[in-house]
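J.: Sequence:
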Amino acid sequence: MQPDLFDKKAFQTDLIQWFKQNQRQLPWREDQDPYKVWVSEIMLQQTQVDTVIPYFKNFIDKFPTPTALAEADEQDVLKAWEGLGYYSRARNLHTAVKEVKEKYQGIVPEDRQQLSKLKGIGPYTLGAIMSIAYDQPEPAVDGNVMRVMSRVFRIDDDIAKQKTRRIFENLVREIISLEDPSSFNQGVMELGALICKPRNPQCQLCPVRAHCQAFQSNSQADYPVKSKQKKQKTLHYYVTILESQSGEFLIEKRPSAGLLAGLWQFPMIEQGEVDAQLLATFLEQTYKTKVLNTQKLESIKHIFTHLIWSIDVFHFKVADFSITESAQQLVSLADMKDYPFPVPHQKIIEQLNI
DNA sequence: AAGTCGGGGCT
DNA sequence: AGCCCAGACTT
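Its first residue numbered 1, the first sequence is counted upward by one per residue in UniProt numbering.
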């Protein structure tokens, strides 16, 4: 980049003026409450705005302050996060507000170092909170910012690589508005979401196209450069629904780490561990009960970012039995609403309700 | 540096 | 059927 060919002041003005006139009205933009900025930024990680809106409203309604969230049970926090995905975000946020309550009297710290040590606050979220909540000129580089800036300056570093983020952070430090860093950062992201989109960018509507190298060379489709991720592997499971004669269902809590940590599910058995023909016998031995009736339900395919679940679902009516571990519960269909389930298991519950 | 961690929307 | 999304953490 040749700085003398880039009119920084004009870029800032064009961007910020556009943002102030075209920004969407979003629930986390109603005030500058650092806690709300924080919650919104965590929810927005890898998640689209329209998906986040109802979750954000419900979450703030249930947990209006850091202290209120700190004092909540983890299960209730996960329940409020149910269906949003990346559940470690919720557990890390919960951990972090407990620290804010204990160490900072429930006030979200304004200090960069203190903020950055909180669980779940990485480079992007740190910059977002510092700039949006506290008006500090910190870069907040997300996928939008890398896409927009890669086009404006024709930067061809691979944005899938971790270290590339630092290149864009250094760039933003050079050009960020010191008068209104909040509108600058949000403006770049809003531009990325509404105009400078991954495919078919609306360059004719872009407020900064006069400053954009890709537009001038009609090469916007070549940016950003991003290497492909490799394909998911498919895992095959049986899900076994055990319904006792008294109408209760066996659910179990997933481990506190790893995939879908802390959520509840019907027992899952990897295919290959047990032959399908021997499933009933296996369950009778494992849960000390007697299978009275077996019914196969609709199979489920669930696609995660890095793997695929292919699930065959069986509904067993069994003789009454008792559970032995605290990570297991016998619950009625109606009581399942109090437990957080992963989406594929929510879909199974819907099947049971029909 | 690579892998793990969800789910939905869009083309 | 991929690709994308206001990424962070672990190994």
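Quick caveat, the hints were computed from the structure, so don't treat them as lab data. There could be a bad hint or two in this list.
As the list claims (entries may be wrong) - DSS-like cross-link-like pairs, simulated, lysine-lysine; straight-line CA separation at most 30 Å:
(1) K290 / K231
(2) K103 / K117
(3) K8 / K163
(4) K79 / K337
(5) K62 / K9
(6) K79 / K62
(7) K226 / K197
(8) K301 / K226
J.: Determine for every hint whether it applies to the structure shown.
T.: Against the structure, the hints:
Among the hinted pairs, K290 with K231 is inconsistent with the structure: their alpha-carbon atoms are about 41 Å apart, more than 30 Å. A distance of roughly 12 Å separates the Cα atoms of K103 and K117; the hinted pair therefore holds under the 30 Å criterion. Simply put, K8 and K163 have alpha-carbon atoms about 25 Å apart, close enough for the 30 Å limit, and the pair holds. Restraint check for K79 and K337: satisfied, since their Cα atoms lie roughly 9 Å apart, inside the 30 Å limit.
Distance restraint check for K62 and K9: the Cα-Cα separation of roughly 43 Å exceeds the 30 Å cut-off, and the hinted pair is therefore not satisfied. Only pairs whose Cα atoms come within 30 Å are accepted, and K79 paired with K62 is accepted, the gap being roughly 11 Å. For the suggested pair K226 and K197, the alpha carbons sit about 14 Å apart, so the restraint of at most 30 Å is met. Between the alpha carbons of K301 and K226 the distance comes to roughly 28 Å, so the proposed pair stays at or under 30 Å and holds.
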